[in-house]
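Chain by chain, the residues run as shown.
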Amino acid sequence: MNIDYSKEDIIVSGRLSIAQIEDLIAKPLETKVDKKFLIALSVSVTALMIGAISLGFSLLYGTGLWGNNQPVGWAFPIVNFVFWVGIGHAGTLISAILYLLRQKWRNGIARFAEAMTIFAVMTAGIFPIIHTGRPWLAGYLFPYPNQHSLWVNFTSPLIWDVFAVSTYFTVSFVFWYVGLIPDFATMRDRTKEGIRKTIYKVFSLGWRHSHRNWQHYEKAYMLLAGFATPLVLSVHTIVSFDFAVSIMPGWHTTIFPPYFVAGAIFSGFAMVVTVLIFVRKIFDLEHLITIDHLEKMNKIILATGMMVGYAYAMEFFIAWYSGNQTESFVFVNRAFGPYAWAYWIMVSCNVIFPQFFWIRKLRRSIPVMFIIVIFVNVGMWFERFVITITSLHRDFLPSSWGYYRPTLYDFGILLGSFGLFFTLVILFTKALPVVSIAEIKAVADDAQPSHHGDH
Amino acid sequence: MSHSDKMWVKKDLPVRVQNLGFLLLGVGLAAGITGLFIDAHRFMMNYLIAFMLLVSIGAGSLFMVALEYIAGADWSVPVRRINEFYAASVLFIIILAIPVLMNMESVFHWAQPQAVSEDKILKWKAPYLDTTFFIVRILVAGGIWSLFYSLLSRNSKTQDLTKDQNLTRKNIILSAIFVPIFAITVSVVSIDWLMSVEPHWFSTIYGVYFFSGSVLASLAIVTYTTVWLKEHGYLHPRMTNDHLFSLGALLFAFINFWAYIAFSQYLLIWYANLPEENFWFIQRWEGGWMIMSILLIVIHFLVPYSVLLSQPAKMDPKRLKFASLWILFAHVFDLYWLVMPSYHSEHSTGFFTYILEFGFPIAAIGLLILLFYFKTKKNNLIPIGDPKLDKSLNFRL
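Read top to bottom, the protein sequences are chains A and B.
With the working numbering applied, the first sequence corresponds to residues 1 to 455, in that order.
With the working numbering applied, the second sequence corresponds to residues 1 to 397, in that order.
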């Protein structure tokens, strides 16, 4: 392998012209749905339906259908909430943080990753609301003067979550939409007549691709990226506070905020890679979302995986070093107690398997990376399971120790959350350009004068 | 590369840089040593602060060098040598540790056998907080950092002559191996040399806290040096303020990162309010320390944050020089805030000793200036053989 470090990275391969790129991205929007699409959609809608039925029964008969018990009051709903919020983080990292870091390769994947953020946060939002048991009273989560003089507990990080997640969702959505405006205009100009044209017209807000348009756009985009960056970090930080402000052994530890953020990015990237592997194949986008892109994401998975591993090790060390008996007990119990199986799934999936990405060949091989990112997805779900369940099931009072077993309804709702997420993702691929046409053109060969001239 | 590019190669720095270095080193050492005669315990802890300042700048700079390689960054190539020069301070860590190692009982409460025998928690920690093991750990950490520094800088220097692209490849591999090892060693060193000053206290985020401060300090010293060298014509004429922007942006990012970590640590301990952890913050809220704690937020976060917030500020040479010196001071202030509340004095030593307390940190800065000065005598200020240099000089925002 000989890399010439003096050359600029090539982001769009295959020497595609600007027009070819546009055609390629617009194709799924301009062709009728095919069999593959319908099969994929029906599979995910089936999952969604199973979830809806499980949830429907839960609401009808009450949350007693779930496995939640004493002492494990926080179970699947919290685990799933943290899991899905975490998935969302990769999108903002790619679209906002990598943008501020001037990583041009992110242009090819930012749109898709950000859409996944929005869908993941929507999926995540369901869980705390249903966990309250009476979701029809969710309005009280927002503090407003009401005739009952009922106020939220402002000192609870759970209510900070409401603010953080809803702000995050709003900003992500606006950021995503602002990025879409030039593409809506492109689609409007490509579409002949009819309702589609009208829709594109409305959403493109009169965009004319003029210099003035672009000038404002660039400024707005930069500002939104600047807003989104602290927001994304704050969201998982506050999710970690849900656990860490308590005095529960295994939850109360100061490394939680950065550790949760790293874990969120880790799991989010794994999910983005999982989905992009299929998307680039099905929609012939291999020149826009290249192996180089996937390799770079795999490197980030490797790095964040090791950060998570660092946090596991540091927690263990300090549990001993602190000389705190309950803290040491919880960690020994995690690794060797009744939930040892979950703990070792977590460690092997999150820390051991990603180490294969040290080898260049493996992180550039589609089958290998597919297997590893699936492991990471599983491992990160189990991380939340381990944190939530193992700390609760054996707390300070041995007489009230217990064991948590999820029920079929728990699994049904979990399956349904995947169904909802993938249904939205699949519909998105047919409704909007999955790669930002405007942004990818900016990094195409023709837009890089330095590729040709010598200095 | 054209011939005109050679103009900046091997240009000697003015002698006044050397003089300034010797002056700061001399005055600083004189003040510090005078202090040692007044209150040995207190000034050994001061020495520890200066030592950790050098550790943070050495290790932090080495990390920045490695980061450039593994991230594949282009813009930073013309300033990488400056990082490399400062990273050389890791070579002195083991030697500079000796004064502390000879006065363990004065600095570390846990190193006093009598204290351990009376204290259940210290007995529990004795397998880790053990003088021999402690020395082994700093030898290993200092040794590893020196090894990676030597390999990385040797390859980089050889590349000046050979322009061999393979050396870049080698350094990328070395850096990738180094970064995880760095994460572990820097955490261990910060727990050993800073956290264990208060041996009962513990915090899992501590390694990250020290990491954030050390990267910030090394960024600050590199930024100041870059702007100074650029103003005096030592750097490449094709380098623009756009290159400075990245330094400013990184400074800004790490100011926020430090504040984020510091706030997380504080909030979680304050909220849970467990006596086994909160005493550390209570110590820093008693007497004069309350003002110091508030000042820490102002000095280490609010001021540099406001100074560097706007986009033009991040590429304004004047602003950057001010901000980087300020941040360097803030880092020393932070180290002081971490270490000194554990010093308990029986008698007041007066205002004069406060002045003397600047001694060792000033000596450390003098040492860094001299290190830089002598490094530039033998080496190019810019990695002229780096394959990415040309691309890097073309960098525009």
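Don't take every hint at face value.
[What the hints assert, rightly or not] Covered stretches of chain A (in silico footprint by chain B; criterion: 3 or more residues with CB under 8 Å from a CB of chain B, positions within the stretch not fixed):
#1 125-132
#2 224-238
#3 242-249
#4 252-266
Worth flagging that the hints you see were computed from the coordinates, not collected in a lab.
Given the structure is predicted, the values throughout are model-derived calculations rather than measurements.
All residues carry an ideal CB built from backbone N, CA and C; glycine is no exception.
Mind checking, does the segment 252-266 of chain A have 3 or more residues with a CB under 8 Å from chain B?
That given contact holds, which follows from 7 residues of the segment 252-266 of chain A lying within Cβ reach (below 8 Å) of chain B.
Quick check: the segment 224-238 of chain A, covered by chain B? Criterion 3+ residues, Cβ under 8 Å.
holds (count 3)
How about the segment 242-249 of chain A: do at least three of its residues have a C-beta closer than 8 Å to a C-beta of chain B?
The restraint on the segment 242-249 of chain A holds, since 4 of its residues have a Cβ under 8 Å from chain B and three suffice.
With a Cβ-Cβ cutoff of 8 Å, does the segment 125-132 of chain A contain at least three residues near chain B?
Our answer is that it is violated, as 0 residues pass the Cβ test (under 8 Å) against chain B, missing three.
Checked against the numbered hints listed earlier, the structure breaks hint 1 alone; every other hint is satisfied.
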